[in-house]
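There are 2 protein chains.
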Amino acid sequence: MDLEVGDTVKVVRKNSVYEGVLMPTTTKNTVIKLDNGYNVGFDTGKIQIELLKKANASKSKKETPRGQKQNLPLVSILSTGGTIASRVDYRTGAVTSQFTAEDILNAIPELSEIARYNSSAIYTILSENMHPDNWIKLAQAVHEEIKNGAEGIIITHGTDTMAYTAAALSFMIQTPVPIVLVGSQRSADRPSSDNAMNAICASAVATSDIAEVCVVMHATTSDDFCHIHRGVKVRKMHTSRRDAFKSVNTLPIGRVNYKDRSITTFTTYKKRGESELSLKASLDPEVALIKYTAGASPEIIDLYINAGYRGIVIEGTGLGHVSSTWIPTIKRATGNGVPVVITSQCLNGRVCDRVYDTGRDMLKAGVIEGEDMLPEVALVKLMWTLGQTQDYEKICKIMIENLAGEITPCTTTSFQA
Amino acid sequence: MDLEVGDTVKVVRKNSVYEGVLMPTTTKNTVIKLDNGYNVGFDTGKIQIELLKKANASKSKKETPRGQKQNLPLVSILSTGGTIASRVDYRTGAVTSQFTAEDILNAIPELSEIARYNSSAIYTILSENMHPDNWIKLAQAVHEEIKNGAEGIIITHGTDTMAYTAAALSFMIQTPVPIVLVGSQRSADRPSSDNAMNAICASAVATSDIAEVCVVMHATTSDDFCHIHRGVKVRKMHTSRRDAFKSVNTLPIGRVNYKDRSITTFTTYKKRGESELSLKASLDPEVALIKYTAGASPEIIDLYINAGYRGIVIEGTGLGHVSSTWIPTIKRATGNGVPVVITSQCLNGRVCDRVYDTGRDMLKAGVIEGEDMLPEVALVKLMWTLGQTQDYEKICKIMIENLAGEITPCTTTSFQA
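Protein chains in written order, with this note's numbering: chain A, 880 to 1296; chain B, 880 to 1296.
In case anyone wonders, no lab produced these hints; they're calculated from the structure. Fair warning: there could be bad hints in the mix.
Capping the alpha-carbon separation at 25 Å, the derived lysine to any residue pairs in SDA-like fashion look like this [claimed, not checked]:
#: 1; chain 1: A; residue 1: Lys1125; chain 2: B; residue 2: Asp1088
#: 2; chain 1: B; residue 1: Lys907; chain 2: A; residue 2: Lys1125
#: 3; chain 1: B; residue 1: Lys1210; chain 2: B; residue 2: Ala1160
#: 4; chain 1: A; residue 1: Lys933; chain 2: A; residue 2: Glu992
#: 5; chain 1: B; residue 1: Lys1150; chain 2: B; residue 2: Glu1165
#: 6; chain 1: B; residue 1: Lys1243; chain 2: B; residue 2: Cys1275
#: 7; chain 1: A; residue 1: Lys1125; chain 2: B; residue 2: Asn1128
#: 8; chain 1: B; residue 1: Lys1159; chain 2: B; residue 2: Lys933
#: 9; chain 1: B; residue 1: Lys1125; chain 2: A; residue 2: Leu1130
#: 10; chain 1: A; residue 1: Lys907; chain 2: B; residue 2: Lys1150
#: 11; chain 1: B; residue 1: Lys1125; chain 2: A; residue 2: Val1127
#: 12; chain 1: B; residue 1: Lys907; chain 2: A; residue 2: Glu1272
#: 13; chain 1: A; residue 1: Lys1243; chain 2: A; residue 2: Lys1159
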């Protein structure tokens, strides 16, 4: 039998029957992708295999024309690439970014029940290749769309660095309308793809009253609802699950029910029209995130400073610690006007350097406490802050100020000691 | 009234009454520590304050003599410092390590119902100051105790880098008896201290059938049970909560009920006597953990290599990615015999570089996939591996081999794509 990658096949092994799409493999095994999205491998000698449908037969793509209803709000879709705009290349088995925002609209007709759309492709890159320069151009494009009348923004984005981009936009743009980042963990042509549900929920948020930069992604392993995460409080917490994105140190802003697109909110948020549109799109990318590990040498700080880095965020241990051997190097850095911000590799909880000796010495050496900021968010914020001012005192002040919800204010009960 | 830090006081503000211990503060506010362990701050001008008990009155310390029951198993307690062996210095408000293992036994009389104990203080340091050299000496001490007849080992350890030490011991020692790391998140003299429950549960595990290196810590916010985490699969996931330690990418080995000290297991484990005692305590500490962040420059790899680092673990994004601009630098490093291991900053899930273009290019550049290893565990394992062999092929082979439970084997369903 002449089977090709991409063919739909039936595999019989012992008493079990499997149906799926034949996948490429570098071994002599037979690999098929099941309807639930899982790949299963078989010893080719021990199975019977039967063709159900040729690959070509399923390749005809419906191009549903899209009716724009004039009474619906206007949303701009800006695509940057990533899995939500990708499909598997069955020749290589790899996922590549091939879709534009226009393609997404054609592929998900339900979107046109929620809004009218403008769409433009800003980039077509996998998100691990995003650079602070890309954030600036994206912020400028978002600003332009809102200035031109968009009542909501959807940014399709790869999931790997989506949280970094969300944080960057949060600091760069004051927005009177929702700015929603959305992606998918499984490509559009996979049965388990989360792209349609995520895009529909994102559209519901883009037309809502939540005028913040947020990330809208699957909340559970079922297709029931998405969470609306604040752009400065969210993190990709799983390599492959559809519910990979989690709010850290806060509740999500709310959730969107997939079925009826209703939104329930869990926290306060900025309302539509509450902020004036403004853009502060300068960044200094020469900021390093250094993760302290047990026994790491203090010379690491010097490596970065000698290479010209102008700001440092340390991901310390526990409440925000490093080895006491690091203190003199940190003191020298801050003395030379290089801000050093301390966060925690625990991710959850708040740094507090008043409790243990090491922390108190760090405060004396001039570190800026990152409070309950995620390390990645502190990094992006320091890049942005250095883009706004060179004044060391002002930098320190901005870093401990809550600008976009990145720092949860301390209550009187300051620290659960 | 002549109040001192450490005095027990009653504070009346409006219609609310608070009782607690007067804490030091650098502001003009009044801060007291409540019975539940929380600190509360008050505007001194707006409260009435009354002395309940002088600090000195509560300072008499009972030195309960400890009866060693000869029919109980022999456990060695090795103390290294940290909060479990610390108390608050009320003059400064800081926590310092002041207790020895002997002090712990005196303070927690229930321990003597579970085992007989030898105790020795290996170090008295806060765990952020632990260095690979300390792991080696600790492993040697553990090995010596077991050789001399200890039927279980308890290591009291600061929580900040406890997981690093647990991983190091897991690779360095093959053990026929339990090796239990335990710590506490709140110092012994605080009402909310977790040190007694954690120590008692640790002792139950040290006398159990679970002959692995494990971490025993509070599982919930209540004083109900502790989890038994495998030493290579555990991470401190909160800066201050008592249930900060979590098993990642696996279930805990089991749990210990505080009340009756009964153990329930959730996974398979090595049983008492199953492994021969052996020690391979060589490490190469010149290994760096580099966290990739969006837009980070590939020159970072060169900074470390030029500084003489002999191994690199990258904490990439998503399934194990970095910017494609990093690929040539990685290729040069591996070409020069510097192993580069890729893990994920998502922490949860498995890296898989066969799915996207970037990952496939990384494999071609020679990266070693860290599978579902935690980044910190991959770091410690690479230090240990470089301590065992200089042969590049052998290093690669060891890194992808499951030695101590650090890699969960792939099932046929290899990747939830």
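Comparing the hints with the structure gives:
With a C-alpha separation of about 37 Å, the suggested pairing of lysine 1125/A with aspartate 1088/B is violated against the 25 Å cut-off. For the proposed pair lysine 907/B and lysine 1125/A, the alpha carbon gap of about 39 Å is over 25 Å, so the pair is violated. Simply put, lysine 1210/B and alanine 1160/B have alpha-carbon atoms about 31 Å apart, too far for the 25 Å limit, and the pair is violated. Proposed proximity of lysine 933/A and glutamate 992/A is contradicted: the alpha carbons are some 34 Å apart, above 25 Å.
With a C-alpha separation of about 34 Å, the suggested pairing of lysine 1150/B with glutamate 1165/B is violated against the 25 Å cut-off. At most 25 Å may separate the alpha-carbon atoms for a hinted pair to count; lysine 1243/B and cysteine 1275/B meet this at roughly 14 Å. Between lysine 1125/A and asparagine 1128/B, the direct Cα distance comes to roughly 16 Å. Compliance with the 25 Å bound is thereby established for this hinted pair. For the suggested pair lysine 1159/B and lysine 933/B, the alpha carbons sit about 53 Å apart, so the restraint of at most 25 Å is broken.
For a cut-off of 25 Å, the pair hint linking lysine 1125/B to leucine 1130/A stands: about 20 Å separates their Cα positions. For the hint linking lysine 907/A to lysine 1150/B, the alpha-carbon distance of about 38 Å lies beyond 25 Å, and the restraint is violated. At roughly 15 Å between alpha-carbon atoms, lysine 1125/B and valine 1127/A fall within 25 Å of each other, so this suggested pair holds. For the given pair, lysine 907/B sits about 24 Å from glutamate 1272/A by alpha-carbon distance, which is consistent with the 25 Å threshold.
Between lysine 1243/A and lysine 1159/A the alpha-carbon distance is near 32 Å, which puts this suggested pair outside the 25 Å criterion.
Violated hints, in rising order: 1, 2, 3, 4, 5, 8, 10 and 13; the structure is consistent with all others.
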